[in-house]
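Asker: Sequence:
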Amino acid sequence: MFSEISDILHWFLRTFRWQDAVDILIVAFVLYKLFKLFKGTRALQMMIGLTILVMASFIFQWAKFYTISWLLNNLWAYLALSVIILFQPEIRRALAHVGQSPLFSSMNLESEAKTIDELVKGSVTMASRKIGALILLEREHSIEGLIEMGTLIDSRLSKELLISIFLPYSPIHDGAVIVQKDRIKAAGCFLPLTLDLNLSKELGTRHRAAIGITEETDAVVIVVSEETGTISVVIGGKITRDLDAQALRRVLTNVMRPVKKKTRKWF
Numbered sequence: 100m101f102s103e104i105s106d107i108l109h110w111f112l113r114t115f116r117w118q119d120a121v122d123i124l125i126v127a128f129v130l131y132k133l134f135k136l137f138k139g140t141r142a143l144q145m146m147i148g149l150t151i152l153v154m155a156s157f158i159f160q161w162a163k164f165y166t167i168s169w170l171l172n173n174l175w176a177y178l179a180l181s182v183i184i185l186f187q188p189e190i191r192r193a194l195a196h197v198g199q200s201p202l203f204s205s206m207n208l209e210s211e212a213k214t215i216d217e218l219v220k221g222s223v224t225m226a227s228r229k230i231g232a233l234i235l236l237e238r239e240h241s242i243e244g245l246i247e248m249g250t251l252i253d254s255r256l257s258k259e260l261l262i263s264i265f266l267p268y269s270p271i272h273d274g275a276v277i278v279q280k281d282r283i284k285a286a287g288c289f290l291p292l293t294l295d296l297n298l299s300k301e302l303g304t305r306h307r308a309a310i311g312i313t314e315e316t317d318a319v320v321i322v323v324s325e326e327t328g329t330i331s332v333v334i335g336g337k338i339t340r341d342l343d344a345q346a347l348r349r350v351l352t353n354v355m356r357p358v359k360k361k362t363r364k365w366f
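Under this note's numbering, the first residue of the sequence shown carries the number 100, and numbering increases by one thereafter.
No wet-lab data here; the hints were simulated from the structure. Treat each hint with caution, since some may be false.
[Unchecked claim] FRET-style restraints, in silico, Cβ to Cβ:
#1 P267 with D343: 22 to 30 Å
#2 D343 with M154: 46 to 54 Å
#3 Q160 with S210: 16 to 24 Å
#4 F134 with F164: 29 to 37 Å
Quantities reported herein were computed from a predicted structural model and do not represent experimental measurements. Just so you know, even glycine gets a beta-carbon here, dropped at the ideal spot from N, CA and C.
All chains should be modelled from the sequences, with the hints used to inform the complete structure.
Answerer: Right under this line is the structure:
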């Protein structure tokens with residue numbers, strides 16, 4: 100047995116080329132980038148399902164289940180079209196953001212502190228006046244699709260601009276504001292609602308939208324309740340409510356500087 104293993108290893112070392120190593124590394128890198136792109140989204144579950152289907156197809160062919168293999172082989176053309184349709188947002192995002200840096204990576208400490216300060220002051224001011232707000236902070240997963248459906252602003256983030264957007268008589272106050280780095284990219288953006296039936300009935304549409312988008316992406320969402328004047332933060336589909344200015348500042352600091360933390364303890 101050991102001699103057979105030795106022969107196999109010897110054959111492998113004789114036939115393995117440096118091009119093969121580069122080839123494997125390129126494929127591994129592409130798969131890693133795809134996993135990062137789809138991580139935290141429902142698209143990842145769909146990719147896993149397709150992978151299982153491909154593996155099952157090879158197994159059925161190897162086991163000579165001809166009828167099932169014939170059905171699967173005839174379904175691939177339709178499945179390819181379905182994948183393009185279902186993954187259209189992710190494909191467009193990947194093509195548009197090849198090599199995109201993570202959120203806030205190019206911001207210096209002064210810019211980070213200024214951005215956090217404006218977000219905290221704006222949120223606290225709106226909470227004190229019971230002005231409802233929904234502020235989405237983009238992280239590594241791009242959300243260009245949501246930006247394109249909103250009202251483009253692309254202005255430096257400020258407390259005054261945030262408040263003016265969410266005033267009740269503003270035509271775009273019902274949607275979400277999307278923040279990229281230190282800029283407000285768009286307002287009036289509508290987010291997908293969560294399908295979780297176990298949520299408290301106290302949570303309104305803004306909170307459900309915040310949970311819904313963070314279930315699909317790694318975004319962080321600040322919610323200011325119009326009814327209670329409380330501030331909440333949603334990360335990974337989990338909501339933390341009744342935050343004061345100090346707690347909100349701590350969360351945002353951890354979000355903006357995740358690479359400097361050994362553990363991601365948000366609160």
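Asker: The structure should be examined with respect to each hint, and the outcome stated for every one.
Answerer: Going through the hints against the structure:
| no. | hint | result |
| --- | --- | --- |
| 1 | P267 with D343: 22 to 30 Å | holds, 24 Å |
| 2 | D343 with M154: 46 to 54 Å | holds, 51 Å |
| 3 | Q160 with S210: 16 to 24 Å | violated, 56 Å |
| 4 | F134 with F164: 29 to 37 Å | holds, 31 Å |
Hint 3 alone, counting from the list given before, is not met by this structure.
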